[in-house]
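Visitor: So the chains spell out like this:
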Amino acid sequence: MSVTRIQPRRRFSFFEWKEIVEYRDLLYFLALRDIKLRYKQTSLGAVWVILQPLVPAVIFAVLFGNFARLPSNGQPYLLMVFTGLIPWGLFSNSIGRAGTSLVANSGLLSKIYFPRLIIPLASMGSVVVDGLVSLGVLVVLLALFGIGLGWHLLAAPFFLLAAFLMGLGLTLIVASLNVYHRDFGYAVPFALQAWNYLTPIVYSSSLIPERWQFLYSLNPTVGLIEGFRWSVLGGVPITVTMMASMLSGLVASLAIGMAVFQKIERGFADIV
Amino acid sequence: MTATQDIAVTVRSLGKSYKIDHLGLAEPPVEAAEGGSRRRWPWQGKGPRQRMSSEIFWALRDVDFEVPRGKVFGVIGRNGAGKSTLLKILSRITEPTTGMAEIRGRVGSLLEVGTGFHPELSGRENIYLNGTLLGMRRRQIDQVFDAIVDFAEVHRFIDTPVKRYSSGMYVRLAFAVAAHLEPDILIIDEVLAVGDLQFQKKCLGKMKDVTGQGRTVLFVSHSLSTVNSLCDTCMLLENGRVAKIGPTESVTASYFASSEETAGSLLDLTADPPGDRFCRMVGARMVDRSGESVSYAHIDREVGIEMTYELLEPSTGPVIPNFHFFTAGQCAFITSPLPQPPASSGRHQATVWLPARFLNEGTYSVNFAATTPIPQCCHFHVQDQFCFEVIEDLHDEARHGAVHKVPGAVRPQLNWSMR
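Line by line, the protein sequences give chains U and Y. So the first sequence is numbered by the numbering used here: it starts at 81 and just counts up by one. So the second sequence is numbered by the numbering used here: it starts at 763 and just counts up by one.
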């Protein structure tokens, strides 16, 4: 017989992963709910999942590739943008959608107990599904452009996982802070937009002048994007600085995210 | 002493405090500037300096109790006594500040039936979502799925979005999921007020099943009739502390005694008696035949509602008291005495006797008025200040086994001819 002990928790304890595994069916159904609700009462339904990354990619490719004639290191501009949008979408859509998830589900959280981490994780479910669909679109695009894949494709899952985890860390921070100050819900889209421009998504990082390269590489998402792009399209591998700032950004965002989330988790029902 | 494994819930010096912030103007501005105030940011405005003062409020303090396995444990208390806080801690929605609780077995909580239901999702999808929210595994839901649909009587609409459900169907489905949770310990807060009468009967039946199978139930309710008939042991909370734990009957009795001063069946208007310069109402109470105040009415005993009023000068014509009895927002009946002779000045009492087996179980409120017919005038009309509860044992033989509240404003035991 299971014994549950309820008492004031210590300041910092690790997540109870075992409990999250126990509630995996809930995670599944909550994620399913979010995915179903996203395309309820749309005529095109799942087609939107394909159009969402494709349309901006085409627009940017035409704008920057055809009109502004920015360099793309010899790759088709559309593919360069699209390979940037996949890890970026995983990262930024997580923050965008799951960042408000705690507040949006406050009705559940203040009435039923379940591991609180399930809520942001489930909200990220739809982002992951969107990402998988985008990968499918990428495969089609690669075939259309007749791009061959190299051994470095093996590194692609690593960069996608990094994008997911970095997104998770920041999601936890944003979702938690949003409970106290709803301002974050408004500020985050702007911050993400600015961050988007500081990251080589619609342009190549080779566009950045040499003397700014080091500073530019300190942005953790630069490595994320250029790394994934390299693993798919080949070309110049990412620098050590990019890799190091990506990994340290990843670890930092996860550690801070967990700590902040736990602090919020304890008193959530009393705040909302 | 009971062996540990026979105890389902142990609670030891459990407490929960909240910090309440009062936003107020700081009295001496100097003090605020010296750091008595909360951290201030440049953008927080320059108006009158505001200061946050905070105070610790204990919603629950030093609560100790044990619930033996297989028992139905009732928790009663007035609004704000800490009942909901206790249940929230036990269902792990909020953390205690002090003390600890130990729960042996799987907990199912019915704090809010239908939580997590989404209007756009179908009945089927909602059953799975709600079931997993309540801690069930998918396989377990597969097993009880048909039983849930049967119980909720929604077969034809199971793949329809629940936003198209009638409110009755919605509630039935929600309760059905919760009822098939099959936990070892069930925490229930006022859920029996849902649905139509037939469905309530079904729910009470389900609850009896649950206790019959050796499950433990923690039951918070305002319906003392239900507590009286379902609970073995009962705890009375007052201002966050345990006022009494014991056999249900004695605890509910002391609850009535404690509520006598503040609520319901005793009304004292001497401080500011309503009325005109001729006649004023002074108070009202509920009495038994011996003239003693009583705090609630038992359905099989006669009670009187006594109003005290004051005539400031001798009356020339009759002063007629009117008592208006309301239940569930409806006027059940109005009663007044037959024509009366003129009365002298001073205090008078008018008592109406409500026979045994006349009112239904439930809460009644009484409005008091006094009128003079010629020339017609109303001296006072005191509304919504007096109420009382009629209780009945669910095992009362006159119920013939009915477990739900019998409908009707009144339930007189009339004379029958049986051939």
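FYI, nobody ran anything at the bench for these hints, they're computed from the structure. Wrong hints could be hidden among the right ones.
[Said to hold, decoys possible] Simulated coverage check for chain U against chain Y, where a stretch passes if three residues somewhere in it have a Cβ under 8 angstroms from a Cβ of chain Y:
{"id": "1", "segment": "112-121"}
{"id": "2", "segment": "155-164"}
{"id": "3", "segment": "287-296"}
{"id": "4", "segment": "341-349"}
Think of the CB as a built atom: it goes at the ideal place given N, C-alpha and C, for glycine as much as any other residue.
Visitor: How about the segment 341-349 of chain U: do at least three of its residues have a C-beta closer than 8 angstroms to a C-beta of chain Y?
Guide: Since three or more residues must qualify, the claim that chain Y covers the segment 341-349 of chain U holds, with 3 doing so at under 8 angstroms.
Visitor: Given that the segment 155-164 of chain U was listed as covered by chain Y, double-check it with a C-beta distance under 8 angstroms for 3 or more residues.
Guide: violated (count 0)
Visitor: Please verify the coverage claim for the segment 112-121 of chain U: does it have three or more residues whose C-beta sits within 8 angstroms of some C-beta in chain Y?
Guide: holds (count 5)
Visitor: Three residues minimum, CB to CB under 8 angstroms: does the segment 287-296 of chain U make the cut for coverage by chain Y? Let me know.
Guide: violated (count 0)
Violated hints, in rising order: 2, 3; the structure is consistent with all others.
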